[in-house]
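J.: The whole structure should be built from the sequences, with the hints applied where relevant.
Line order of the protein sequences matches chains A and B.
Counting from 12, one number per residue, gives the positions in the first sequence under the working numbering.
Counting from 6, one number per residue, gives the positions in the second sequence under the working numbering.
I should point out that these hints are in silico values taken from the structure, not numbers from a laboratory.
Idealized CB from N, CA, C, for every residue including glycine.
Careful: at least some of the hints might be erroneous.
[To be verified] Only pairs whose alpha carbons sit at most 25 Å apart, straight line, appear in this in silico SDA-like list of lysine to any residue:
hint, chain 1, residue 1, chain 2, residue 2
1, A, Lys61, A, Arg278
2, A, Lys45, A, Val62
3, B, Lys366, A, Arg99
4, B, Lys366, B, Gln346
5, A, Lys333, B, Asp340
6, A, Lys45, A, Gly13
7, A, Lys333, B, Leu166
8, B, Lys366, B, Ala339
9, A, Lys518, A, Leu300
10, B, Lys366, A, Glu80
11, A, Lys333, A, Ala345
12, A, Lys341, B, Ala202
13, B, Lys366, A, Gln73
14, B, Lys366, A, Glu89
15, A, Lys61, A, Ser42
16, A, Lys45, B, Val368
17, A, Lys333, B, Leu286
[What the hints assert, rightly or not] Residues from chain B that keep clear of chain A, each with C-beta distances beyond 10 Å, as calculated:
hint, residue
18, Gly300
19, Leu311
20, Gln314
21, Val364
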Amino acid sequence: MGMGLIRLSVDKVTSFVDAIDAAFADLTPLSGQKGGRVQAMVPVGKAAGKVMEVEPGDWLVQARLPSGEVFTQRVSVEEGREEPVTLRASDSSRETRSWPTSLSYAAATFDATRETVHVSAIRRSFPRHKKTFALAEARLATEPYELLLWDPESRQFTSSGDWNAVGRAGEELAFDAEQFNLPPGVRAFIQLRDTPHILSLPLPWHGEKRTYVQVQAVPDLQGEEGEMTLRAFVLDPQLAPVIGFLDASDLAAARMLAPETASFAKRMLYGKFRNPLAGAAGALALLRLREYTLLHDWPLNLAAGVQWLPDGAAIAAWCTLKLGMAAEGKTLDAAGRAAEARSHVHTAAARGAPYFARSVSLLHHVCLLLQYAKTDARVDDEVAAWVASLHQSVKPDSFVASYEGSSIDETKLLLAGVRPPLPEAPPQRPAPGVAEPTKPRPVKSPATGLPGGQAERRRQSPTSKRAKVKKTAGKPKPQRRAAAKRSLAAIKKKIAAAKKRAAAAKKAAVAKAAKRKPAKRSSGRAGGARRERA
Amino acid sequence: MTYILDPPNPTPAPATHALVIGVGKYMPNTWQLPDLGSPPLSAEAFARWMLTEYRNPLAPLASMEVLWSPPAAPAPFARPGASQVQVDAATLTNVEQAIGRWFALCHQSVDNVAVFYFCGHGVKRGLDSWLLLEGFAGPAKLNLDDALKFTDFLLGMDKCLARKQIYFIDSCRDTPAAANNVQVNFGRTIVTPDRSATPGVLRDVAGLVSAADRSAFGANNEVSRLTQALLIALRGAGWDDRTHPWTEWLVSTDTLVTYVNALLQYEEQVRGAPFQRVQSLPDSANIIFHYPAPGTMPTVPLLIGLNAQPYPAPTAFAVSRGGAVVAQRPPMPADWEPAPQLEVAHDYVVSATSGGQTVQKPVVLRPACRIERL
Chain A
12 MGMGLIRLSV DKVTSFVDAI DAAFADLTPL SGQKGGRVQA MVPVGKAAGK
62 VMEVEPGDWL VQARLPSGEV FTQRVSVEEG REEPVTLRAS DSSRETRSWP
112 TSLSYAAATF DATRETVHVS AIRRSFPRHK KTFALAEARL ATEPYELLLW
162 DPESRQFTSS GDWNAVGRAG EELAFDAEQF NLPPGVRAFI QLRDTPHILS
212 LPLPWHGEKR TYVQVQAVPD LQGEEGEMTL RAFVLDPQLA PVIGFLDASD
262 LAAARMLAPE TASFAKRMLY GKFRNPLAGA AGALALLRLR EYTLLHDWPL
312 NLAAGVQWLP DGAAIAAWCT LKLGMAAEGK TLDAAGRAAE ARSHVHTAAA
362 RGAPYFARSV SLLHHVCLLL QYAKTDARVD DEVAAWVASL HQSVKPDSFV
412 ASYEGSSIDE TKLLLAGVRP PLPEAPPQRP APGVAEPTKP RPVKSPATGL
462 PGGQAERRRQ SPTSKRAKVK KTAGKPKPQR RAAAKRSLAA IKKKIAAAKK
512 RAAAAKKAAV AKAAKRKPAK RSSGRAGGAR RERA
Chain B
6 MTYILDPPNP TPAPATHALV IGVGKYMPNT WQLPDLGSPP LSAEAFARWM
56 LTEYRNPLAP LASMEVLWSP PAAPAPFARP GASQVQVDAA TLTNVEQAIG
106 RWFALCHQSV DNVAVFYFCG HGVKRGLDSW LLLEGFAGPA KLNLDDALKF
156 TDFLLGMDKC LARKQIYFID SCRDTPAAAN NVQVNFGRTI VTPDRSATPG
206 VLRDVAGLVS AADRSAFGAN NEVSRLTQAL LIALRGAGWD DRTHPWTEWL
256 VSTDTLVTYV NALLQYEEQV RGAPFQRVQS LPDSANIIFH YPAPGTMPTV
306 PLLIGLNAQP YPAPTAFAVS RGGAVVAQRP PMPADWEPAP QLEVAHDYVV
356 SATSGGQTVQ KPVVLRPACR IERL
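T.: Okay, here's the thing in structure tokens:
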């Protein structure tokens, strides 16, 4: 018997961000067709849709968005004919992209009379259950936030008033990744002013197409009532659906992406030296999808080749310890894995807080596994304490990491990372006859520098967290502002110099490449790709 | 020791071993965490489902231990067709010992399935989470230890040979404001992570974890909303027929999360229940958790109503299949949920009769649920 076709498109009122949506299509046979169910991802919006070959007969067509919205239609397919099916989604805004986002919005209960926003200023009317979206949007427009730059050399944060490269989509912030092109190592953060909450911006992002990094303010379910939290989304049309479904815990849909989009994640990892952050995001997506074979040994190259990226080292640490990942031609025994993993953790710590929340989790896993083990590869105490603090400070349910310490100073300290003593101490072996400790030793708090007990007591004191925040917020700032200005000028100077150096290096590389014979290109497949290394 | 299902001697392998915990009794505490009536009832409901309906031909249920702490007097568990068993309290000591026994049983074979269920208060800070046990009183009373540090425990369970591990965590995961000031290392890990003891084969871990705020639980003396939704899903609304449509039904952990969320959403829309959702554990694998008996068709919740609200006139509803009425309701000015629930099928016709006019609509009924308005 011949086959028929279903051309499925999911039509939707699209806004700036909705263009990145994808729907999980699930086609169930209704008239006993033998082929079973058909599942695929379908782009949402004005795209032409997706054509799927099916056996003739009746089909139930369902499309599911990361928000959990489901659209259904019944269709009869005849042999040799194409049946168009258009599922129309409601006029929804951003809630469709990511389930955790919609969770935050919908679960938050705002008392509009106590908010300082003017609901009348909102650009369109929302159904009652969506009003919180509007409030959050408007809140972001009025919320005082600050752009911070972090210089890896001076290891200092500087407030920046330079918002030239920052655009807006509706009431939201959207960073044009091309315009906002930071030199490697210089990091950009957004701080909600007078709170200890800092969002790490995934920049620089050299996407295949023009990419925006969007920042949203959403109600903070983990915090006190009325508190906001910031979230960032990389609006890369191929990455966003993967992250959307993974964040949404819609694993059936996310796994559906594996054959189609995991190859994209792999490509992102493969192109790690062109876009290191995308490389790390691709590796993390592959880990979430448990597509370990697609990783090859590339996380190790990412860790070694991109020396400003903590995530690369964090991923390499986990892959080394758990998957036994080793450089080509090298095999590691258990002790070797532990030693390598430990070294990666230390490297990550020296580079600062990861850009992605999942990297923090990987670091934490490695630290715990090494810390409790009867092994000589324990992670340095200070580093282990830093990782534990990071793990408790990173906001859950968000792919791009945002951090909140007990105070803004603690958050900044956490973000700066830890520099373990260099060169690294040789593995400590216990003296013969001396029993090894099975529990971690008391650790110093990275924030306070005090041993565990003292640090804990201080943490429990009434001056911590909100009290501290208010205290800091109330202090006069003229001296700090002057210092910040000076530091900003220095950073700008350094950025300019770094850009100049990068341009010169690029020019030299292009000239060098032109002189060489064309190199044999790696196919990107397992065999060829294994040879790839920058 | 409270085995609801005693482990046979010798223990068969592969087998499923379950540990079920419900904590409703807490000390007066500075975090304002109240006693809860719901967790022991929820634990009992889940344990009863495991005993009577769980089906896994590849790893049949071989043992189940239950611990619970009702806010009032300790309650016994009535085993089906057998005597009552007095259930031990879910104190730290008892939980430590029960986890030890459960670990040992699961550890006997790589093909074993470990099932862990918890219902009670939970605390979350960043990516760390804790499950609070009886006796937990918060930092003021200095007994923060009466908690299971779930994040680390989960990692530690990688040491267990059972390579299929499934966790159901039904707890509000609030972060009380005061909890932001607690020490980093409160609570007990019980099973400490250990790289050197981890089996070479990667484990498949999956689970369903509440991602809710304070409204996680239902009424005080009812099974919690999440566990209710979970049980409805396990009894039909969460079955999936990916490989053999309409004939072979399975419950996999991937789709279970999606379907439980659909059922929670259904409850919000139909009964105005507060917003609540579940999440899968990070790095979840897809594990087939339950194999319903072959030939059994799932039943799913269905709501039939009018688009016009309020109803312009009392309306009669009927559901028919192949020309025969399978369920109907006399005229009333309200929506209707057929009870008992209807089996899945793709040839239902729903009709509404109001003021002498009848409207009909064909309906496909599939997991997890359906709201049909005419």
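J.: Given the hint that Lys333 of chain A pairs with Ala345 of chain A, does the C-alpha gap stay at or below 25 Å?
T.: It holds: about 10 Å lies between the C-alpha atoms, which stays within 25 Å.
J.: Going by Cβ atoms, does Val364 of chain B stay more than 10 Å from chain A at every point?
T.: Val364 of chain B clear of chain A: closest Cβ-Cβ about 17 Å, beyond 10 Å.
J.: Does the structure keep Lys333 of chain A and Leu286 of chain B at a Cα separation of 25 Å or less?
T.: holds, 18 Å
J.: Tell me if the straight-line CA distance from Lys45 of chain A to Val368 of chain B falls inside 25 Å.
T.: holds, 22 Å
J.: Does the alpha-carbon distance linking Lys518 of chain A and Leu300 of chain A stay inside the 25 Å limit?
T.: violated, 39 Å
J.: Starting from Lys366 of chain B, check that the Cα of Gln73 of chain A is at most 25 Å away, please.
T.: The hint holds at about 18 Å.
J.: Between the alpha carbons of Lys333 of chain A and Leu166 of chain B, is the straight-line distance 25 Å or under?
T.: holds, 15 Å
J.: What's the verdict on Lys341 of chain A and Ala202 of chain B, does the C-alpha distance respect the 25 Å limit or exceed it?
T.: holds, 23 Å
J.: Taken at face value, is the distance from the CA of Glu89 of chain A to the CA of Lys366 of chain B at most 25 Å?
T.: Satisfied, since the Cα-Cα distance of roughly 23 Å is no more than 25 Å.
J.: Test the statement that Leu311 of chain B is away from the interface with chain A: the closest C-beta pair must be farther apart than 10 Å.
T.: Per Cβ check, Leu311 of chain B is outside 10 Å of chain A; nearest 19 Å; holds.
J.: Is it true that the CA of Lys45 of chain A sits at most 25 Å from the CA of Gly13 of chain A?
T.: holds, 13 Å
J.: Test the statement that Gly300 of chain B is away from the interface with chain A: the closest C-beta pair must be farther apart than 10 Å.
T.: Given that every Cβ of chain A is farther than 10 Å from that of Gly300 of chain B, nearest at about 17 Å, it holds.
In summary, the structure is inconsistent with hints 5 and 9 from the numbered list given earlier, while agreeing with the others.
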